[in-house]
Amino acid sequence: MLNSLSKVYVAGHRGMVGAAIIRQLEQLGVEKIISRTHAELDLCDQVAVRAFMQAQKPDFVVLAAAKVGGIYANNEYPAEFIYQNMMIEANVIHEAWASGVNNLLFLGSSCIYPKFAKQPMAESELLTGVLEPTNEPYAVAKIAGIKLCESYNRQYGTDYRSVMPTNLYGPGDNYHGLNSHVVPAMINRFHEAKQDNLPSVEVWGTGKVMREFLHVDDMAAASVFVMQLDKATYQANTQPMLSHINVGTGEDVTIAELAQTVKKVVGFKGELVFNADKPEGTPRKLLDVSRINKMGWQASIGLEEGLENAYQWYLEHYGLL
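Take the sequence shown: its letters are residues 16 to 336, numbered as in the working numbering.
Calculated from the structure, these hints are not laboratory results.
On a predicted model such as this, the values are computed, not experimentally measured, just so you know.
Treat the hints with care, as some may be off.
Stated by the list, open to error - With a cut-off of at most 16 Å between alpha-carbon atoms, the simulated EDC-like pairs for lysine to aspartate or glutamate come out as follows:
{"id": "1", "residue 1": "K278", "residue 2": "D211"}
{"id": "2", "residue 1": "K130", "residue 2": "E295"}
{"id": "3", "residue 1": "K284", "residue 2": "E331"}
To be verified - For each label pair, taking beta carbons as the anchor points, the in silico distance ranges come out as:
{"id": "4", "residue 1": "H53", "residue 2": "D211", "range": "33 to 41 Å"}
{"id": "5", "residue 1": "Q42", "residue 2": "Q69", "range": "26 to 34 Å"}
{"id": "6", "residue 1": "E217", "residue 2": "Q71", "range": "26 to 34 Å"}
{"id": "7", "residue 1": "K246", "residue 2": "Q42", "range": "17 to 25 Å"}
{"id": "8", "residue 1": "Q313", "residue 2": "L142", "range": "22 to 30 Å"}
{"id": "9", "residue 1": "R29", "residue 2": "Y98", "range": "50 to 58 Å"}
{"id": "10", "residue 1": "E217", "residue 2": "K22", "range": "45 to 53 Å"}
{"id": "11", "residue 1": "P255", "residue 2": "N308", "range": "36 to 44 Å"}
{"id": "12", "residue 1": "Q134", "residue 2": "D211", "range": "36 to 44 Å"}
Cβ atoms here follow ideal geometry from the backbone N, Cα and C, with glycine treated the same way.
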């Protein structure tokens, strides 16, 4: 069980999710938190990962490191997305086991589910259909991560768990132009439009596709919640070959509704223009979160409240205040 004396290695501590998980661990009083930058430890280098794990021998590993991006980045760099993510997962999971680490939490993504999965998407929808082409390489890598955890559990008796979040946003998000996800892309676009007094802002797609959005602090809270579950409870609520747990709010909005909310939070007064020629991905992505709700956790941060928090962070960290 995770406690204040646990030694926890958080891979991907500089990312939005990794940083949020560290904040949660610190609030719990966990003092032995290990992290390494990419310059200090390349997770695609198996020899380096092996040496690190053997030297540190953490009690828990949180695998939040990944190459991530929005529709544009996934379309432009498919080889990088599948190679880097599969190498990171294989190296960290295998070398954790090899160094005697019995507890690991793997963070995936809701894009693991088929493009036309039944809505809301239950964990049982995994591998029941064709994936969304725009992010298939990334999705395949994340599915492999789940199956790595399950395989090591089955063969070696480890306690490796997986959580699959819906679309995340919040402090620490990536605001780097075309490579960013929809929420930071919108915040940046609406803010710049407000500053430049533009009459309108373009939104990719028809605005009709639906998405679920989870604040990263809720995701971090859910991750630590799952880490703290005793093994019997976790196993009673999952299956050996269907062990991942969805994490989300259980509610979704259209991209048009999201844009209107971002517009309100940012204070942009112009119009929205939807460009139907731009890609917009899967028609709907709503997670069935009944499994984690039944276990005792549910999201607590509403969309508008969460967007206000994200926008404040954006202003503070990009020197805009």
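Note to self: Between the beta carbons of H53 and D211, is the distance compatible with 33 to 41 Å?
What the structure shows: Check passed, 35 Å falls within 33 to 41 Å.
Check: Between K246 and Q42, does the C-beta distance stay in 17 to 25 Å?
Finding: holds, 24 Å
Check: Is 50 to 58 Å right for how far apart the beta carbons of R29 and Y98 are?
Finding: The hint (50 to 58 Å, Cβ to Cβ) is violated, given that R29 and Y98 are roughly 21 Å apart.
Notebook entry, point to check: Measuring from beta carbon to beta carbon, are P255 and N308 in 36 to 44 Å?
Noted result: violated, 22 Å
Item checked: Supplied distance hint 26 to 34 Å, evaluated on CB atoms of Q42 and Q69 -> Roughly 30 Å apart at Cβ, these two residues keep to the hinted range, so it holds.
Next item on the list: Decide if the proposed pair is consistent with the structure: K130 and E295, CA atoms, cutoff 16 Å inclusive.
Entry: The given pair, whose Cα atoms are some 12 Å apart, holds under the 16 Å limit.
Next item on the list: Could you say whether the range 36 to 44 Å given as a hint is met by the Cβ separation of Q134 and D211?
Entry: holds, 38 Å
Notebook entry, point to check: Measuring from beta carbon to beta carbon, are Q313 and L142 in 22 to 30 Å?
Noted result: holds, 27 Å
Note to self: Holds or violated: K278 and D211, Cα atoms, limit 16 Å.
What the structure shows: holds, 14 Å
Next item on the list: Could you say whether the range 26 to 34 Å given as a hint is met by the Cβ separation of E217 and Q71?
Entry: Violated: the Cβ-Cβ distance is about 47 Å, outside 26 to 34 Å.
Item checked: Pairwise hint evaluation, E331 against K284, where the allowed Cα distance is 16 Å at most -> Not OK: K284 and E331 at ~22 Å, beyond 16 Å, violated.
Margin query: 45 to 53 Å was suggested as the range; check whether the CB atoms of E217 and K22 agree with it.
Written below: holds, 48 Å
Consistency with the previously given hints fails for numbers 3, 6, 9 and 11, ordered from lowest to highest.
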